[in-house]
Each structure stands twice: as C-alpha cells, then as structure tokens.
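Once you have looked at the hints, place chain B on chain U.
Here the protein sequences come in this chain order: U and B. The working numbering numbers the first residue of the first sequence as 173 and each following residue consecutively. The working numbering numbers the first residue of the second sequence as 47 and each following residue consecutively.
No wet-lab data here; the hints were simulated from the structure. Check the hints yourself; a few may be wrong.
[Said to hold, decoys possible] If you want the ones that stay clear, here's a sample from chain U, every Cβ over 10 Å from chain B, calculated:
#	residue
1	Gln181
2	Glu191
3	Val202
4	Thr215
5	Arg229
6	Arg232
7	Ala236
8	Pro244
9	Lys262
10	Ile263
11	Cys271
12	Ile274
13	Thr279
14	Glu282
15	Ala283
16	Gly285
[Claimed, not checked] If you anchor each label on the Cβ, the simulated ranges turn out as follows:
#	chain 1	residue 1	chain 2	residue 2	range
17	U	Asp260	B	Arg351	30 to 38 Å
18	U	Arg219	B	Ala419	34 to 42 Å
19	U	Leu206	B	Ala50	56 to 64 Å
20	B	Val96	U	Lys251	39 to 47 Å
We treat Cβ as the ideally placed atom computed from N, Cα and C, and that holds for glycine.
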Amino acid sequence: MKLIIAIIQPDRLSEVKKELYKADVNLITVSEVLGHGRQMGVTEVYRGVKESGNLLRKVRLEIAVNDDFLQPTINALIKGARTGEVGDGKIFVLDLKECLRIRTGETGGEAIG
Amino acid sequence: MINAGDTAFVVISTGLVMLMTPGLAFFYGGMVRRKNILGVLMQCFTVLCVLSLQWMLFGYSLAFSPGNGFIGSLDWLGLAGVGLEPYAAYAPTIPHQAFMIFQAMFAVITPALIIGAFAERMKFSAFLLFSVLWATFVYDPVAHWVWGTGGWLKNMGVLDFAGGIVVHTSAGIAALVMALVVGKRKGYDNKPVPPHNLPFTVLGASLLWFGWFGFNAGSALAANGLAVSTFVATNAAAAAAGALWALLEWVHNGKPTTFGVVTGSIAGLATITPASGFVTPLSAMAIGLVASAFCFLSVGIIKPRLGYDDSLDAFGVHGVGGILGTLMAGVFATKLINPAGANGLLYGNPKQVLIQAFAVLATTVYTLVVTFAIYKIVDVIIGVRVAEREEVIGLDLTQHREGAYTILE
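Isolated chain U, as found in the complex (with noise of 0.2 Å):
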C-alpha cells in the first residue's frame, strides 16, 4: 500500500479529477494549501508597502492505493497537472502502514478500495 500525496497547481484540479476517475480511482482527499517551490510567488503591495517571495496557493491530493494501482495513479496525475511551465508541483510516493476503514473495520488493501 502506497500513500501518494500531490502537489499541483488550483487550475489543474479538474483535468487532474477527470484523469483519475478515468483510471479509476475515485477516492481522493483535496485540501488547499499555500507553497513556494522553485517558481517566484508574487510581490504584493499593500498602501505603498511591499511585502515580496509570497507564498502562492497550491492543491494537495492524498490519494491511499494499492501497489497495483499506483503507476496508473502517478500518470493519471501527470496527464492532468502537467503543463511543462515551472510550478506544475510534485508527487511523493510513501509507504502506508496501514489502512482502516472506520464503518467497518476492515483494514489493508480491502479497506483502500
């Protein structure tokens, strides 16, 4: 069992969630988040006063798979984030323990799917 976790650009969630559904994986977890990779966040100026190197809003997808699911995931995420500009993001791959499904009880590959 494999932890993926995505970091990819706002406007890429939609083509990201079409890939995926279409490799079917469904269960996804999205939060937004504030990052600042490589890419230049951008100079703000409030009344006059610069305030630069901000961060700049990022979505995170965590997505729990089984080991047979976790190429077609990793390019399902790439067919949808990537668009070869810097700031597309990253994806980190992590072994998972273990897995629990609370309605259930059920643990491991059976609780993933």
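Relative to the frame of chain U, chain B by itself:
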C-alpha cells in the same frame, strides 16, 4: 423656479444611484472566483472615479448640451455654463448641476455593467482605456439621441424613462460583443463557474434594488406623484421577477436558489427601467414576470448552448432585460400615468412598439460596431487579455498585487 423638495429628492436620488456601482461590484464580485474579486471591485470603483471626471470635463457636454441630433456640442466643457439655475428643457425646478450630477451616476454605472462580460480575464490598463473610450463614443452619443435636446430618437418620440436603451441595451450589447471577442475564460467549458461568495452577491443585489429607487423614481426629476408611481412600479417588477425566477427553478431544478431569486430581481429591475415612469403597478408586475421568464431562458437554457462566455451574464440579464423592457414600454405605457409620455399598444397606439423596436435596433447596431472598433484599438495599443499565467494566478495578485483573503495569517 427652484423647488426645495424637488432638489432634495434629486440630490438624495443621486446618492442612491451612486451606491449602485459599488453594489454592482459586490453583485458581480461574489460570482467570480476568490482570486479575482478585487479585480472586479477595483474595476467598478475606478469607473466611479474616472468617469465622474470624464463626465464633468466633457462627457456631460457631449451627452446633454444642445448640439445636433447625433451628439451634443462642446459648449459645456468643464461644466461651463452649467450652474445653479435650472435648465428648463431637462428639469425646470432643480439646479442644472443637480441634473448634471444625477446623470453622472448613470454614466458611471453603464460601463461598469459591461465588466460582467469579460470578468476574470481583462487587463486593468486595457479596461481603463476601454471604459473611457466606450463612455465617450457609445454612452455619450446614445444618451444624447434618447435624452438630449435635439436627440434624433427623442424627436422620434421614443420612450425610455430611466435608461432601458441608454443604459441597459447599450451596456448589454457591448457585453455581448466583448464576451465574443475577448474569448472564454481559460478552462471554461460552457458550465457555470461556482460563485465564491453568494452572500456578497445577495448584498450587492440588495444595494442595487435600493439604489434603483433613485435610478427610476429619481428620473421623474421632481418629488411628485410620478416619482411615487415610478417607485411603486420599480418595486412591483423586481418583486414579481424575483419570485417567478425562484418558482421556475423550483419546478425546473427541484429547488429554489438564492442566486436565482436575486438574479430574477435584477432582471426585473433592468426590464422595468425604461417603462417605470409610464405604466400602472399591475402592468409593472406583468413586465416583471415576462422579464424573469425571458432572462431565465436566456441565462439558463440558451447561453450554455451558444457556447460564449459572458462570465456574469451582463448580456443575459441586463441586455436582454433592457431590450425587453424598452419594447414592453411600447406595449404598456399609458398617458394616464404620465401625460408627458405616450400611449402604448394596449392603450390604442400600436405605432409606439415600432418606435421602441426601431430605437433598440439603432442602438444595437451602433453599439455593436463602435464597441468592436474600440476593442480593436485597445487590443492593438495595450492588448486586452491578461497572459495565461496571470489568468491562472488571478487578477487580484497579477493586476493589483493584493489578495482579498488570506489562508494563513
């Protein structure tokens, strides 16, 4: 002879109409995505500043000084000769400057209405140039045609009490042109983009309804029975249109929505505007119902099939409402309400409908051509659309270097 009551009423009405532009800003601002709300508020507020100046320097002269049938003269540049004595041809009982500043607020809100068509994707600099040119070459002449001394549509006997042609038809058609030529927002696929703050939209609609009493009733230019009749008609149409929109949604989509009821009310207000000073309260109610049904069709059913991106339905609500209301003024108008007006179709004068239709047609053709020309000029000089990356990040950060909301402190 200056009348204290009339003057007080028109001055207060001017304040009410002024409030409509920030009201419109919130009405529109709630509908855009979070990254673009300041862009919308800023465009509306800046129009209030810049066009107030344009109006005093030369706009008022172009629109209202006696010139030829097409446009006013330059005699009133910088308000020369526009003093505190009444100018009887427009309003015999209030200072001329009261009429001028009342009309200034109309000149401000009209270009602001167009913002809804190109929201979320137009450069601020291009927007400024566009608005000043549009006010000068479209609004000022059309206001002269319909309301100015010697205006050719006025001489033809067209009825436009408070701006169905001058404000809503012109802005609506310009909105349609801009939505078509500026192009869709990135990623728009003929489905509405969820509004980021509907309470703002409801707040804005409420301010608009409130301000509209000044817009319509104030257009009587006197604190008299006609002003009250206009006030009642305005309220009747807004109420009927809002209620019917909610009902249509209930039947068509299963639930009535806040977004729907406020959109309906605004459609009713836009539609009653040209007719408001000529019709009975029950006619106003009927006009509100027709407005709601038509705009419901245009926004909910026709627009998604045509595939253009009028982001906030500036054409679908204001344009369609303005045209419809101008035509219906020709149907429902009666001299029993306003002896200075005319009778419409239902009161034995079918010719009035033709005059109304002709005025709409003339305004539409002129606005189409000139708006497109202005768009071309601005696009060549500045470029109308923001860069794709700027559109993704949002107008707030890229056009103004501010954010409306913080996620973390």
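Hint check:
no., hint, in the structure
1, Gln181, "violated (7 Å)"
2, Glu191, "holds (14 Å)"
3, Val202, "holds (14 Å)"
4, Thr215, "violated (6 Å)"
5, Arg229, "violated (7 Å)"
6, Arg232, "holds (12 Å)"
7, Ala236, "holds (25 Å)"
8, Pro244, "holds (24 Å)"
9, Lys262, "holds (18 Å)"
10, Ile263, "holds (20 Å)"
11, Cys271, "holds (29 Å)"
12, Ile274, "holds (28 Å)"
13, Thr279, "holds (35 Å)"
14, Glu282, "holds (35 Å)"
15, Ala283, "holds (31 Å)"
16, Gly285, "holds (30 Å)"
17, Asp260/U - Arg351/B: 30 to 38 Å, "holds (34 Å)"
18, Arg219/U - Ala419/B: 34 to 42 Å, "holds (38 Å)"
19, Leu206/U - Ala50/B: 56 to 64 Å, "holds (58 Å)"
20, Val96/B - Lys251/U: 39 to 47 Å, "holds (46 Å)"
Violated hints, in rising order: 1, 4 and 5; the structure is consistent with all others.
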